[in-house]
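J.: Given next are the chains, with one letter for each unit.
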Amino acid sequence: MQFDSFQSFLAMGGYGLYVWLSFGVGLLSLLLLWWHGLHSRRCLIEALRKEQARQTRIRASQQNGEKHESKA
Amino acid sequence: MWKWLHPYAKPERAFALCTTLLPWFGVSALLILATGTIWGLAFAPADYQQGDSFRIIYLHVPSAILSMGTYSAMAIAAFIGLVWQIRTAHMAVAAIAPVGAVLTFIALFTGAAWGKPMWGTWWVWDARLTSELILLFLYLGVIALYQSFEDKEQGSKASGVMALVGVVNLPIIHYSVEWWNTLHQGATITKFAKPSIDSSMLWPLLLCILGLALLTGAMCLYRLQNELLRRESHRPWVRAMLLEEEQNAV
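Those protein sequences? They're chains E and X, same order as listed.
All residue numbers for the first sequence refer to this note's numbering, where the first residue is 1 and numbers rise by one.
All residue numbers for the second sequence refer to this note's numbering, where the first residue is 1 and numbers rise by one.
Excised from the complex, chain X in its bound form (with noise of 0.2 Å):
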């Protein structure tokens, strides 16, 4: 398997599996969410106890689990840049970094928004709410640090070695809801046990989060591309490729 997987390590083989990836990420993304999301706010059956507001859920926790499920693959990704050292890996963790912070940001507004008819405000300090704030720092530090650097190799090591130590807050905002006595409520999707949602409501979540997945994917390949034409412009494959597209423009 080894073998190969290698070769999409070179930066040409990289974009050219980004180019012939991403359609059908981008595609299938749209297609699922906008089903999920039309789904859940129109047909889906209201919360007996939080009525119409519980809808919110349909972005809350697909951006909720694929903040932190991004953040695994960022903390993959600058471990084995650092390990194996491997230049597009570094390059990932640059290009997942924004998306994550964004994923982030959505899961705390959305739960802001949710929370203030819910609980009757829009934040408290709880262990839930502040892990994933911590979240939302560590992806903007990896971010600063990357960008801190005029020497983008120095600078990925940096980053890289900040968004493997942020892996401590991923349990922690996991349990944090079991942990610590808090205003969130339990997680509705788990592994072992039947979901604590009728499947009336659960098969357009299901959707939702599948689809946020898929454009979250589409987003970071677009995002590496463009990190991969930025770290290695003076090289000969990336003016190969422009002189083609211009002979094909013309």
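Chain E on its own, in the form it takes in the complex (with noise of 0.2 Å):
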């Protein structure tokens, strides 16, 4: 351990604005990154869903249509 205690770690002697500030903007560009991807990913299977729901709905009342027809 270079530091003796938790308050000079935090200091980076003298530097730790600049080596606190790296770290956070980079921490958080890459938990963007990360967070981006998920979102997109659940916006997708929600799309997918939703379009293979409407496709057996139309599936479904073409079916009855049918049915009518028949019986008419």
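Bear in mind the hints are in silico, worked out from the structure with no lab data behind them.
If a hint is listed, it holds; no wrong ones were tucked in.
Mimicking DSSO-like on lysine-lysine, the simulated pairs with C-alpha atoms at most 27 Å apart in a straight line are:
| id | chain 1 | residue 1 | chain 2 | residue 2 |
| --- | --- | --- | --- | --- |
| 1 | X | Lys3 | X | Lys157 |
| 2 | E | Lys50 | X | Lys10 |
| 3 | E | Lys50 | X | Lys152 |
| 4 | X | Lys152 | X | Lys10 |
| 5 | X | Lys157 | X | Lys10 |
Build the complex: two chains, separate frames, hints provided.
T.: Laid out in structure tokens, this is it:
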């Protein structure tokens, strides 16, 4: 361990602002990128599910329609 | 080898391969990156000239190396996509570009935050910094060009050409510190010479590079899966996979 206390670890020998600014912004941008990937995956799956449900409904109503026609 | 490699160009095989690889990349990336960063920040000795400000190297150098490595990977994918017309390769370009742009941004930002205390300025228009900024614009250009086309096939061709042209910038970035007089210091690690850094500082740096590389790989794999889902949404394999997931969830 290069630092004798947590205070001096945060201070980084006077360069604390620059070191923690770098690592903070770096971590934040990586997290944002990660979140963006997860978020677009969720949106994609939801859209796919909706489209699939719509297709099933269309097929079902077409089959019903055919039945009605044959009765008439 | 080609016979063995070729089936993975098929979207559903590529998707399955990503699913298999992702946990390995993700877990090892987090472990190695955490070890390297904590080692570098708390346990590596301070620099005799730059004091503790040198610790920014543990984010700056990995992100800078990977911003260029990721660009090469993207350009190779673009080349494969354009020459052999493999759609999965085009999707890889679209998946890699945002990851590379973020890495380039981190390299530029940490460089600025390191430059302020050491050079007395956040930014200078010198060769290394300017060429890295151009790399960021190249990434953004590839993303924008891809997004601007309604037809994604056309979009990937246009952005692929742009990615290939931009390769010229890579050697310029690499040799900029040798070709021009610059504030930026020379390379810390080279293949041919003994590294100009003590091993107590070098080991955490190598861990950080490896960890960030694995993290980059994980992010690219995940985004490639997104891209596959987006562009193959009407294909039966996507439908079958969704159904299977629903049945497992119930």
